[in-house]
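Visitor: Work the whole structure out from these sequences, hints included.
Going line by line, the protein sequences match chains W and E.
Taking the numbering used here, the leading residue of the first sequence gets 1, the next gets one more, and so forth.
Taking the numbering used here, the leading residue of the second sequence gets 1001, the next gets one more, and so forth.
Please note: incorrect hints may appear among the correct ones.
Unchecked claim - When the alpha-carbon atoms are kept at most 35 Å apart in a straight line, the in silico DSBU-like pairs for lysine-lysine are as follows: (1) E/Lys1118 to E/Lys1085; (2) W/Lys112 to E/Lys1230; (3) W/Lys118 to E/Lys1143; (4) E/Lys1106 to E/Lys1154; (5) E/Lys1112 to W/Lys154; (6) E/Lys1467 to W/Lys60; (7) E/Lys1100 to E/Lys1230.
Said to hold, decoys possible - Going by beta-carbon spacing under 10 Å, a handful of chain E positions derived as facing chain W: (8) Arg1063; (9) Arg1068; (10) Leu1420; (11) Cys1423.
These are calculated hints, taken from the structure and not from any lab test.
Note that beta-carbon positions come from the ideal geometry of N, C-alpha and C, so glycine has one too.
One-letter residues, chain by chain:
There are 2 protein chains.
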Amino acid sequence: MAERAALEELVRLQGERVRGLKQQKASAEQIEEEVAKLLKLKAQLGPDEGKQKFVLKTPKGTRDYSPRQMAIREKVFDVIISCFKRHGAEVIDTPVFELKETLTGKYGEDSKLIYDLKDQGGELLSLRYDLTVPFARYLAMNKLTNIKRYHIAKVYRRDNPAMTRGRYREFYQCDFDIAGQFDPMIPDAECLKIMCEILSSLQIGDFLVKVNDRRILDGMFAICGVPDSKFRTICSSVDKLDKVSWEEVKNEMVGEKGLTPEVADHIGDYVQQHGGVSLVEQLLQDPKLSQNKQALEGLEDLKLLFEYLTLFGIADKISFDLSLARGLDYYTGVIYEAVLLQTPVRPGEEPLGVGSVAAGGRYDGLALEEKVRTTETQVLVASAQKRLLEERLKLVSELWDAGIKAELLYKKNPKLLNQLQYCEEAGIPLVAIIGEQELKDGVIKLRSVASREEVDVRREDLVEEIKRRTSPALRIC
Amino acid sequence: MAERAALEELVRLQGERVRGLKQQKASAEQIEEEVAKLLKLKAQLGPDEGKQKFVLKTPKGTRDYSPRQMAIREKVFDVIISCFKRHGAEVIDTPVFELKETLTGKYGEDSKLIYDLKDQGGELLSLRYDLTVPFARYLAMNKLTNIKRYHIAKVYRRDNPAMTRGRYREFYQCDFDIAGQFDPMIPDAECLKIMCEILSSLQIGDFLVKVNDRRILDGMFAICGVPDSKFRTICSSVDKLDKVSWEEVKNEMVGEKGLTPEVADHIGDYVQQHGGVSLVEQLLQDPKLSQNKQALEGLEDLKLLFEYLTLFGIADKISFDLSLARGLDYYTGVIYEAVLLQTPVRPGEEPLGVGSVAAGGRYDGLALEEKVRTTETQVLVASAQKRLLEERLKLVSELWDAGIKAELLYKKNPKLLNQLQYCEEAGIPLVAIIGEQELKDGVIKLRSVASREEVDVRREDLVEEIKRRTSPALRIC
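Guide: This is how it looks when you write it as structure tokens:
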């Protein structure tokens, strides 16, 4: 798909975990065309056009999708969904409205942007504002703690969006969440991998994923001498650094928010830094920051995260950026946000803003119905001995990159039996088992879950063998 | 897919043209399970469960889709969408709400079931009640007269539906409409073909499509002596004949609606009849009915329709049924409704009701953007000489049955040039041309639209040749 075509649909990744791609982008040209059409039509209609009673507009902040726009939307969604499925995610859907009280108190000041339904008797209802609160309600209602799911649906915000900049009152969110308790940074690394895979597949130009951690930000504010009560408002100043200069941000901190110039400069020394894992290591040596417990935890997790990102082959896309501060209401750990490096800008448009991700857990142990598989995972990457997490991460990354739908357990040293049981529960037909001997021999043991037969496959033949074994079955299914 | 699985999702075909499949079916078991879960959870929560503030229910008449239900829903939608695409349809989408005045006056008494949004300042809005009014607004707004489109989306009715019978306040409609002016009965026959293809593919058991015509019903009421003002109310009595006995319907007509017993009996003689094309021919000989201009037109069109249905190989699925009367507000000609013959019934459930279709037009001559194809049609079935409509219908039917995405122009004797131009406008890569000589030789001339090269292909090799030529291109695209 051409770069331009995809861009018309894609806007920004935003929200909790891989919150996903918002479809808010339309060209200024298209809108001008529409307006011109409407004015022309209005002129033709005149006052006496008896039968022609349809009001010829969509509600403010909304739009139709023409067949041409739908063709593009479907291609973009296909890329996103096939990536989510490659990573073994399930899909759910929820109603477009929720009980009003389900949404109450969840969005702070933004609550005024919620669309309420008219009281026509019965329950009081509101249109969903995001997919996160309905997901939380779904988890609670079904007593689920562990699930990896995606949800692609429209959400509603009674905002005054700049439609010329591709922002709407009705728009899509593509959420991907991993809920559960796991060993640190493994699911986080997978979320970043997913984001990179999608952005690469969409071919919308080069991008960078900024990463930070809430604990590092909080620790930094603390050692710089920001009072606790001002963390939030200073955060929102810092968050502007991608749009305005440090001087302007400093003026806001001092002039409007009452920091001393010294405190502001101290913050400035930190938040103007960005880099790779070497910056993480440098800050781990920082005498003040490393003494702050929160910051230290955040930095150590980031270091681990970078190890996994290197194994996933995406470390060069990631920038540890101390000015990244968005969405702190939601987040307790790692945050991230991808930005396009060369946004094609048209007259009157700003460059596109791009989004964020945070920690989650992992779908485990849930009893699955056997008759209907809810994921399409072809193979689980497993290990036969301890200390093979790195090898598992390398192999699963190779498989994803070759288009194979693959999963691994988010545990450093899972037992082989547990890995095999997981496949049976989830209906995954194949297991690719890594062991010390296999590594020496340059092979992978490929096991059929149903027949329990195992054969050694040369690593360079593994992708083809998995495809050969799973494609007919998948088609029948 | 197993019969039972599909049934849980599928409910009834209803509405204007191929209005499509409504997803309103859930098993009584599932609902009981959900209720049991909720009660258990409620008991566990108790009054002091501080943080657990989510209200653990979806709004009345709505439901979540679990991964398992989503897997089934996706399979059902895949079947429906691939059929729509095989027939060359485009897809559009519209906002979930419309200006309130766009919906005003469109649904008669049912308007009270429309969900209004609260007046929070700005425009007054309502949730869409169906996909037909938004489609009409879309056509008017974009000045389109000819389009073949499908639209699969949720609609909203503030009804008191029996969820145990699979009816909801939020549910899917799968609409397929052909808008435009064409030679009689060709698009109508294709709509019926589409309905049969989908119902067959879903493997939900044997089915029958009841067909009638509004003009026949009106003519029949007229010759039986029903006053014009009572046509509508008598229609709704007739419509109950699939659920209650003729005696009960007659009692309603006489006791409540003021017909004389003689008039009612006269109606009864007609509406208790059903059959195939022979019943059409018999009624064309009916001395009274054939004297009524409206009824005669309807009968003649039905006769033509049956010819086309025979060529499409689905005549055995169609029953001309004089008691079919539903949705008369919309319809001006042919109406149809499919019913399942052996509905699996569970305790406490009624058999599923199944849906309806009406005439439309056909997408033609619209200037398409060349860069983004909005249909996936692989081949146009064309003719080089006149009087080959029957052969075109036979061939296109063969292609559809073999899974090829194919179209034909809905004209008895289209010019070859017009057919080739249509392909260029719509980006259809191949033309299968039937001519007198080709028929004698048992071949089809296959033309590449881009290169203009033509080769004769033996009819039995045509499907393979089309697949060979189009599959790589489609994958790249």
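Visitor: Can you list which hints this structure breaks, lowest number first?
Guide: 1, 2, 6, 10 and 11
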